[in-house]
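Enquirer: Given chain A's structure and the hints, the job is docking chain B onto it.
Read top to bottom, the protein sequences are chains A and B.
Under the numbering used here, the first residue of the first sequence carries the number 1071, and numbering increases by one thereafter.
Under the numbering used here, the first residue of the second sequence carries the number 16, and numbering increases by one thereafter.
I should point out that these hints are in silico values taken from the structure, not numbers from a laboratory.
A quick note: this is a predicted structure, and the numbers were derived from the prediction, not measured.
Some hints could be false.
[Stated by the list, open to error] Simulated pairs of lysine to aspartate or glutamate, EDC-like, Cα-Cα distance not exceeding 16 Å:
(1) B/Lys140 / A/Glu1178
(2) B/Lys280 / A/Glu1110
(3) B/Lys310 / A/Glu1110
(4) B/Lys267 / A/Glu1178
(5) B/Lys284 / A/Glu1110
[Unchecked claim] Some chain B residues judged to face chain A by a derived CB distance under 7 Å, without partners named:
(6) Lys142
(7) Leu146
(8) Gly174
(9) Arg198
Glycine included, each C-beta is placed from N, C-alpha and C at the ideal position.
These are the residues of each chain, in order.
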Amino acid sequence: MNDIKIRITDREGVSHEIDAPTDMNMNLMEVVRSYELAPEGTIGICGGMAMCASCQCYIKSEHELPEMSDDEDAMLAEAFNVEDNSRLGCQIHMTPELDGLEVELAPEEV
Amino acid sequence: MIKTDILIIGAGPTGLFAVFEAGLLKLKCHLIDALPQAGGQCSEIYPKKPIYDIPGFPEILAGDLVANLMEQIKPFQPGFTLGERAETIEKLEDETFVVTTNNGTKHNAPIVAIAGGLGSFEPRKPKLDNLEKFEDNGLAYIIKDPEVYRNKKVLIAGGGDSALDWAIFLADVASEVTLVHRRNEFRGALDSVEKVQELKNLGKINLITPAEVVELKGDVNLKSVVVQNTATKENTRVEVDNFIPLFGLSPKLGPIGDWGLEIEKNAIKVDNTLDYQTNIPGIYAIGDVNTYPGKLKLILCGFHEATLMCQSAYQRIFPDKKYVMKYTTVGGVTGFDGSKKEAPKAVVKSID
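So here's chain A without its partners, still in its complex pose (with noise of 0.2 Å):
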């Protein structure tokens, strides 16, 4: 088992430590859609591709994280609700440095 504990404040406030394989190249947005932590069709709408904001997140541990994409960080500057400390889920892939991760799940743009 290649593990990390990582824990997910969804969109209704509700905190939930999750186990997260490392070795399934998975990224967080792929994480929170296997658990079911939104609802489908709520997160992840572009597939991953950091076209869009579904998977937004705000970061709360200090964890370091990989740098920004251009991709990325172009996108996020045409999303809602972003703060300093806003990622897209699908661009943080799962490694063992990120045990301990906390982030929050930004609303769903209506």
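Expert: For chain B alone, coordinates are given in the frame of chain A:
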């Protein structure tokens, strides 16, 4: 009233391929799509991205896949109602359906196949007070007729291609063009970005960055907007006749959600043991818009679903006709336009 055999809602890859399979059965199709072009997500979101899991194509750009599908279905002369959203459905006494779009275009068919993907693409709206009040009173999310903006003071918000392209276009039409973006950097084709720079230097585009519109002012019609510098939080009031936020599109299931279809997880439940029919006989759902145990939102699965749907639709339209599936290699493809494609005949000739 547009009449057809299978009315397909959604002109993405699944909907387009359904035209081909229906055509082999001599069924005519008409497609409705909210976007102004065919191809769905492939054209709208990621035309330049490669896809690696289309059988027979080790790698193909999404845009090229759509172009190929359009070529493949051309002999079957599908009709298109583009730029309109399917709004209501009504069942007539003869068991056929009438689907009406937001523009009032009516379509009549015995079979409706919903291939709506993630839903219809709607403009993303900024969160501002009084937004709805000014819609059509100076505020628009889509530019339908640029002449509306002739000699007007126009403010565009956004940093993508459409914001850049319209700012460039309207610079020659409007009396004043202001472009507001949250960042100093723009994401767009290089020549668009350079053109905006040039027009800014010429004083034809007033560029305000990094900033966003935070307030709309006016009685009935929009009179001015308040633009806030996102770095200094300083507010500036800009007199405008028109405000056009161009923040891209996001898909919404929309009115189809109110058609009495069984919905689960933002998708339409279908019978995957047979023909992808919904709980309403005669209405099918294929591709990303449907759900069933084990569902995968893949283009290749949509193709399969479209194929089985057409077989079932045929039986429904012609309950008494006997039919067996024929391979295209054997039967060829006979278009409604009179074209015929078939395997070259072998010759019987002795070799001396």
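Enquirer: Against this structure, judge whether each hint is valid.
Expert: How the hints compare with the structure:
{"no.": "1", "hint": "B/Lys140 / A/Glu1178", "result": "holds, 13 Å"}
{"no.": "2", "hint": "B/Lys280 / A/Glu1110", "result": "holds, 5 Å"}
{"no.": "3", "hint": "B/Lys310 / A/Glu1110", "result": "holds, 12 Å"}
{"no.": "4", "hint": "B/Lys267 / A/Glu1178", "result": "holds, 12 Å"}
{"no.": "5", "hint": "B/Lys284 / A/Glu1110", "result": "holds, 13 Å"}
{"no.": "6", "hint": "Lys142", "result": "holds, 6 Å"}
{"no.": "7", "hint": "Leu146", "result": "violated, 12 Å"}
{"no.": "8", "hint": "Gly174", "result": "holds, 6 Å"}
{"no.": "9", "hint": "Arg198", "result": "holds, 4 Å"}
Checked against the numbered hints above, the structure violates only hint 7.
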